[in-house]
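With the hints as extra help, turn the sequences into a complete structure.
The chain contents come next:
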Amino acid sequence: DAKTTQPTSMDCAEGRAANLPCNHSTISGNEYVYWYRQIHSQGPQYIIHGLKNNETNEMASLIITEDRKSSTLILPHATLRDTAVYYCIVQGSQGNLIFGKGTKLSVKP
Amino acid sequence: KAGVTQTPRYLIKTRGQQVTLSCSPISGHRSVSWYQQTPGQGLQFLFEYFSETQRNKGNFPGRFSGRQFSNSRSEMNVSTLELGDSALYLCASSLDVGPGRNTIYFGEGSWLTVV
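Protein chains in written order, with our numbering: chain Z, 6 to 114; chain G, 654 to 768.
Hints listed in this document are in silico derivations from the structure and should not be mistaken for laboratory results.
Where a beta carbon is used, it is the ideal one built from N, C-alpha and C, also for glycine.
Watch out, some of these pointers could steer you wrong.
Unchecked claim - Pairwise CB distance ranges, derived in the manner of DEER restraints:
#1 Z:Met64 <-> G:Arg754: 16 to 24 Å
#2 Z:Asn35 <-> G:Asn730: 29 to 37 Å
#3 G:Leu736 <-> Z:Lys57: 42 to 50 Å
#4 G:Phe713 <-> Z:Lys57: 30 to 38 Å
#5 G:Leu736 <-> Z:Gly20: 41 to 49 Å
#6 Z:Lys74 <-> G:Lys710: 26 to 34 Å
#7 Z:Thr31 <-> G:Glu705: 32 to 40 Å
Here is the structure:
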């Protein structure tokens with residue numbers, strides 16, 4: 006199963022775009038990239054997912070490089086409520102999610 | 654549309670006891686999976702059920718078991734509790750209708766403390 010690498014922590018100013026990078030260099034051709042976030046003591050919240058095209062929804066945008074070895078989650082206008090741990094995940098061969106350590110995003114006023 | 658519902662939200666058990674946690678998936682979702690989250694090990698996959706059958710299993714001892722009912726509701730059981738079983742147990746469900754359409758949605762979890 007593919008593994009992902011993310012920075013341990015990042016800071017972002019409120020109102021600015023938050024760009025969270027993720028490396029998944031061993032991803033295979035049919036594996037999707039998923040992003041979740043977890044606010045302290047709550048269950049992980051689904052954000053967005055993609056295969057090879059860029060994706061956008063009401064929460065965020067997902068940019069996947071052409072070689073699919075890395076991706077970036079973009080929160081266009083970060084708010085204090087976006088402070089959370091963000092997980093970049095490649096779905097495992099069994100369909101399960103393999104979580105890494107994630108990136109702790111702190112949005113500061 | 655109601656999300657994934659887990660009960661109880663908090664519970665305290667004594668070493669050696671057993672515990673049963675319940676999960677109601679999102680209506681229409683056929684796959685239910687369970688995860689354990691601890692500060693040391695992070696989020697780890699326990700098992701997944703589909704159509705009342707365990708389809709996938711993570712690397713946990715046999716003390717951890719589960720089942721799924723005909724209405725897709727699921728329970729997980731931990732027997733002979735150990736202090737290290739203290740964790741947040743998360744249930745998740747998905748439609749399971751094909752690649753890219755298997756988005757997994759999580760409940761709020763059940764906090765288990767073993768004393």
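Hint-by-hint comparison with the structure:
For methionine 64 of chain Z and arginine 754 of chain G, the hinted distance range of 16 to 24 Å is satisfied, since their beta carbons lie about 18 Å from each other. Roughly 34 Å separates the CB atoms of asparagine 35 of chain Z and asparagine 730 of chain G, a value that falls within the hinted 29 to 37 Å. Between leucine 736 of chain G and lysine 57 of chain Z, the C-beta spacing of about 45 Å keeps the proposed range 42 to 50 Å intact. Distance hint check for phenylalanine 713 of chain G and lysine 57 of chain Z: the Cβ-Cβ separation is about 34 Å, which falls inside the suggested range of 30 to 38 Å.
The hint said 41 to 49 Å for the Cβ distance between leucine 736 of chain G and glycine 20 of chain Z, and at roughly 45 Å that hint holds. Distance hint check: the CB atoms of lysine 74 of chain Z and lysine 710 of chain G are about 30 Å apart, consistent with the given range 26 to 34 Å. The supplied range of 32 to 40 Å is met by threonine 31 of chain Z and glutamate 705 of chain G, whose beta-carbon atoms lie about 34 Å from each other.
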